[in-house]
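Peer 1: Residue numbers (the numbering used here), protein chains in the order written: chain A, 1 to 522; chain B, 1 to 522.
There could be a bad hint or two in this list.
It does not matter which identical chain is meant; a pair holds if it fits inside one copy or across any two.
Claimed, not checked - Below, simulated BS3-like cross-link-like pairs (lysine-lysine); rule was C-alpha separation at most 27 Å, straight line:
1) Lys106 <-> Lys246
2) Lys506 <-> Lys56
3) Lys56 <-> Lys462
4) Lys246 <-> Lys56
5) Lys462 <-> Lys246
Worth flagging that the hints you see were computed from the coordinates, not collected in a lab. Predicted model, so just to flag it, every value in this text is computed and none were measured.
The lines below spell out each chain.
2 protein chains.
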Amino acid sequence: MKAHHIVLEKLISPHQLSISMKYRLKVVPLRSEKFTVVLNQSDAEDLGLLPGDRVKVIVGKESFVAEADFTNLVESGEIGVCSFTAETCRLDEKCMAEVYPVSRPKSVEFIRKKLDGGKYSAVEMKSIIEDIAKNVLNDLEISAFILANEIVGMSEEEVQWMIEAMVENGERISFERGVIVNMHTIGGLPSNEFQLIAVPTVASAGLLIPKTASRAITSASGTADTMEVLADVNLSIEEIREITEKVGGVIAWGGATNIAPADDRIIRIEHPLSLDPRPQLLASVMAKKGAIGARHVVIDIPYGEGAKIESGEMARALANDFIELGKRLGLEVVCALTYGGQPIGRAVGPALEAKEALKAMEERRGSASLLEKSLGIAGLLFETTGIANDGYSYAKKIFESGKTLEKFREIIAAQGGNEKIKADEIPVGDKTFTITSQRNGIAKKINLQAVNEIARSAGAPKDKGAGVYIHKKRGDVVKAGDPLLTIYAEKEWKLDNAIEVATTRKPLEVSGVIIEKFKGGY
Amino acid sequence: MKAHHIVLEKLISPHQLSISMKYRLKVVPLRSEKFTVVLNQSDAEDLGLLPGDRVKVIVGKESFVAEADFTNLVESGEIGVCSFTAETCRLDEKCMAEVYPVSRPKSVEFIRKKLDGGKYSAVEMKSIIEDIAKNVLNDLEISAFILANEIVGMSEEEVQWMIEAMVENGERISFERGVIVNMHTIGGLPSNEFQLIAVPTVASAGLLIPKTASRAITSASGTADTMEVLADVNLSIEEIREITEKVGGVIAWGGATNIAPADDRIIRIEHPLSLDPRPQLLASVMAKKGAIGARHVVIDIPYGEGAKIESGEMARALANDFIELGKRLGLEVVCALTYGGQPIGRAVGPALEAKEALKAMEERRGSASLLEKSLGIAGLLFETTGIANDGYSYAKKIFESGKTLEKFREIIAAQGGNEKIKADEIPVGDKTFTITSQRNGIAKKINLQAVNEIARSAGAPKDKGAGVYIHKKRGDVVKAGDPLLTIYAEKEWKLDNAIEVATTRKPLEVSGVIIEKFKGGY
Numbered sequence: 001m002k003a004h005h006i007v008l009e010k011l012i013s014p015h016q017l018s019i020s021m022k023y024r025l026k027v028v029p030l031r032s033e034k035f036t037v038v039l040n041q042s043d044a045e046d047l048g049l050l051p052g053d054r055v056k057v058i059v060g061k062e063s064f065v066a067e068a069d070f071t072n073l074v075e076s077g078e079i080g081v082c083s084f085t086a087e088t089c090r091l092d093e094k095c096m097a098e099v100y101p102v103s104r105p106k107s108v109e110f111i112r113k114k115l116d117g118g119k120y121s122a123v124e125m126k127s128i129i130e131d132i133a134k135n136v137l138n139d140l141e142i143s144a145f146i147l148a149n150e151i152v153g154m155s156e157e158e159v160q161w162m163i164e165a166m167v168e169n170g171e172r173i174s175f176e177r178g179v180i181v182n183m184h185t186i187g188g189l190p191s192n193e194f195q196l197i198a199v200p201t202v203a204s205a206g207l208l209i210p211k212t213a214s215r216a217i218t219s220a221s222g223t224a225d226t227m228e229v230l231a232d233v234n235l236s237i238e239e240i241r242e243i244t245e246k247v248g249g250v251i252a253w254g255g256a257t258n259i260a261p262a263d264d265r266i267i268r269i270e271h272p273l274s275l276d277p278r279p280q281l282l283a284s285v286m287a288k289k290g291a292i293g294a295r296h297v298v299i300d301i302p303y304g305e306g307a308k309i310e311s312g313e314m315a316r317a318l319a320n321d322f323i324e325l326g327k328r329l330g331l332e333v334v335c336a337l338t339y340g341g342q343p344i345g346r347a348v349g350p351a352l353e354a355k356e357a358l359k360a361m362e363e364r365r366g367s368a369s370l371l372e373k374s375l376g377i378a379g380l381l382f383e384t385t386g387i388a389n390d391g392y393s394y395a396k397k398i399f400e401s402g403k404t405l406e407k408f409r410e411i412i413a414a415q416g417g418n419e420k421i422k423a424d425e426i427p428v429g430d431k432t433f434t435i436t437s438q439r440n441g442i443a444k445k446i447n448l449q450a451v452n453e454i455a456r457s458a459g460a461p462k463d464k465g466a467g468v469y470i471h472k473k474r475g476d477v478v479k480a481g482d483p484l485l486t487i488y489a490e491k492e493w494k495l496d497n498a499i500e501v502a503t504t505r506k507p508l509e510v511s512g513v514i515i516e517k518f519k520g521g522y
Numbered sequence: 001m002k003a004h005h006i007v008l009e010k011l012i013s014p015h016q017l018s019i020s021m022k023y024r025l026k027v028v029p030l031r032s033e034k035f036t037v038v039l040n041q042s043d044a045e046d047l048g049l050l051p052g053d054r055v056k057v058i059v060g061k062e063s064f065v066a067e068a069d070f071t072n073l074v075e076s077g078e079i080g081v082c083s084f085t086a087e088t089c090r091l092d093e094k095c096m097a098e099v100y101p102v103s104r105p106k107s108v109e110f111i112r113k114k115l116d117g118g119k120y121s122a123v124e125m126k127s128i129i130e131d132i133a134k135n136v137l138n139d140l141e142i143s144a145f146i147l148a149n150e151i152v153g154m155s156e157e158e159v160q161w162m163i164e165a166m167v168e169n170g171e172r173i174s175f176e177r178g179v180i181v182n183m184h185t186i187g188g189l190p191s192n193e194f195q196l197i198a199v200p201t202v203a204s205a206g207l208l209i210p211k212t213a214s215r216a217i218t219s220a221s222g223t224a225d226t227m228e229v230l231a232d233v234n235l236s237i238e239e240i241r242e243i244t245e246k247v248g249g250v251i252a253w254g255g256a257t258n259i260a261p262a263d264d265r266i267i268r269i270e271h272p273l274s275l276d277p278r279p280q281l282l283a284s285v286m287a288k289k290g291a292i293g294a295r296h297v298v299i300d301i302p303y304g305e306g307a308k309i310e311s312g313e314m315a316r317a318l319a320n321d322f323i324e325l326g327k328r329l330g331l332e333v334v335c336a337l338t339y340g341g342q343p344i345g346r347a348v349g350p351a352l353e354a355k356e357a358l359k360a361m362e363e364r365r366g367s368a369s370l371l372e373k374s375l376g377i378a379g380l381l382f383e384t385t386g387i388a389n390d391g392y393s394y395a396k397k398i399f400e401s402g403k404t405l406e407k408f409r410e411i412i413a414a415q416g417g418n419e420k421i422k423a424d425e426i427p428v429g430d431k432t433f434t435i436t437s438q439r440n441g442i443a444k445k446i447n448l449q450a451v452n453e454i455a456r457s458a459g460a461p462k463d464k465g466a467g468v469y470i471h472k473k474r475g476d477v478v479k480a481g482d483p484l485l486t487i488y489a490e491k492e493w494k495l496d497n498a499i500e501v502a503t504t505r506k507p508l509e510v511s512g513v514i515i516e517k518f519k520g521g522y
């Protein structure tokens, strides 16, 4: 850790027009992504600052607003900046900083209003979202925003304004021609890699589909993690546009662009509080689709026991919210309510899922549920854009003719991957362990949480080859000795951890054929 | 900044029962009051950690739970701890740390329940408060707690449990004999130092009054700041008890004790969000009084335009809440609804207020409102403890007989101050500026916010001699050239700032005698 001293004497100007002191800059190793400065405790008191207050810092021609922190990491007369700030503002040696207390941003008052049960105006919402995008609001203030919205609630109009502001405060694409579509899944279940099949199917019909996907937060593999096994997903927004115009589609990681940065900040704060409030979910999905220029969007809403959404009724309500919001924003939204109580395919983990999807495309057959879902979702887009009346059949034709695979290879190539790769060539973890059945019987429902935990313990998604393969799904006949699950890992110690988890968590049980001994008499 | 390397190789134990890695300890300069550790990003991912997650750290016989942060301040295989953690846990060289992810504390689920509109059970509330007191919950989680309580609301019963838990999780006093009383002011107006007169008045009647006071957060002087001009206020809870038993009372700074630490943490988070939610206010006051062993408490609730509480109706509602809570907790509470629209005395700032109070006690006369309030508040305690039927008169007798001053001197002596000090000897800022009236007329209402801002710009409360003296209060006759306000400062540049503020903010206006020219005809 180098201390970078920027040296000039502390100047005290006795006839200043407002409270301001000059300080000697010092770069200190703060762990901070945002603008933070540190002042000596005594200096901070002189400036009348309290924890959480902000200051304006002027260094030569550069100025910025930062949150002030008080420590004794710096001496009186010094102001500490983190290297992020120093680099961003191109701060040099031989400069001094003027420091002024500044008042809290107006956005905080607007959040206050919502806390008191009020309603945002369009201008107020836009101010808040802009301040979040520009790192003007700190984590506490953003959490107050999220909580206030969740508890007090928001009208459709307020959510619309939030989405519009999120889109405005970030990068956007606008395509000059073509019909721009997109898809999204609420997720929450393992082996849900259908988009790897659906996207190229849609693209080969002539629609443009610039798909941005997420990395896993708590799951074993997000769509971006799975695609990354085959190609580069860290595409800039410009690359997304170019590739989409060239080959018809991409599967990229949204986080490498600067689309709707306010949404990303909000998501980062939601996780530690286990929040997933409805207004934010709606806004997050719609903002990302709006920014990418989509006009038609299909949203997959899996529901069922153990899924994110438990009942069909709740799924329909969510679907309705999306559709109504879409109307307000000029997006045509169609929702697919799909089964979320069991994994779609059999593979869980980046490489295993990529392998499963690619193999299905190569062989033009595979897990019935995986194909049904992939082609069904693609089919909804064909119907909504008027390409076909029976979207599923149209999608199936494309898939079985080999066009899906062909297009997928084009997309892989355009994203810098090896388009010649075969499913069998995709490496998976070489440290494996297979759980076999102790008895004859029928496979019961798979415990989704347990499977996820095992895959993550094994190293997914960080270790791309790690994960779980499910041999028996619900209802399958099982004989003693049959494999039930195989765990894959890249590191021995992770395999051991995963085995431990599997032993205690019972991901898949086998019941006897005789469920119950009945002795007559109701 | 020294990097303290504690050296042993990273051990990877392949057959561990749960995910755990061993790391080399490194002390890093984190600005953290609480347990935080830093892990290399890659190691964190291996452990399956996400931002906001916690880990258990075991070093030899010591172990603690800490929030994990990910940076590249440490290499793979190292774990960084801040010096606070290292000292608290007596971490040595030549030790290695085992690190386990641990799940979120149960308290977070309970807060989640309130967010969803539910009610705490006694056990849940106690768990949350204990976790706050022990630094187990982080700032985001505490802010979620505060906001959830404010928006969803709490029943009297829940607030009672909060108070009881706050008292339990901290230091307490129990006196063996005597009638233990106390007082509190909601504050929010300048020149409110009546407690310096009321406390010794109460003590000289034989009641025991262990008064803990606050330092100013946004005002020009808290009661603790004012008393500190004359004596040491950083008393431990043991000292508070001893001195109270010896001379009858103290005026100490509560922050030097460990009374209700959960309350302090909550207050620290409320300020940056400008929150002052009713449940927290009630709990904060009652917990502090409960912990100090009081049985009878008088609470001053100033109300009026510009005060914290605007109307008599709101003041009465708050008073009722305090009284009802008191009943639940076995505290007898009486409230004084006092005038809060104008300063009580004329002095604003620690030394100026101390001077004003001491002078009044020396001369046995002074600002009518200051004396009326001081003796009225003391009188309420005399009535509620059965010492007198007409408390005010009883208090007045004590004051005019010189007993108040005598007791005040005893308290000053017991708190390590110079009991012989005279009001005239108290030093105040020597950089002064007096604003005079440009016209004849009547002094109008003083702008409380402006006066506060001026005093703080001048340096109060950090510079004890800084502040404002108000020469003319509302209704006083003013001639051109008469002094209106005098600003005191210890530093020239602060005086200049204060003058600037006074010029733009107009703290005190003088209106012509003729308010309105009326020309007849209603």
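Peer 1: Decide, hint by hint, whether the structure agrees.
Peer 2: Here is what the structure says about each hint:
1. Lys106 <-> Lys246: Classified as neither; 45 Å inside a copy, 52 Å across copies.
2. Lys506 <-> Lys56: between (56 Å within a copy, 26 Å between copies)
3. Lys56 <-> Lys462: This pair counts as between: shortest inter-copy Cα distance 22 Å, intra-copy 40 Å.
4. Lys246 <-> Lys56: Neither. Shortest intra-copy (46 Å) and inter-copy (51 Å) distances fail the 27 Å Cα cut-off.
5. Lys462 <-> Lys246: neither (31 Å within a copy, 66 Å between copies)
When the structure is compared with the earlier hints, violations turn up for hints 1, 4, 5 and for no others.
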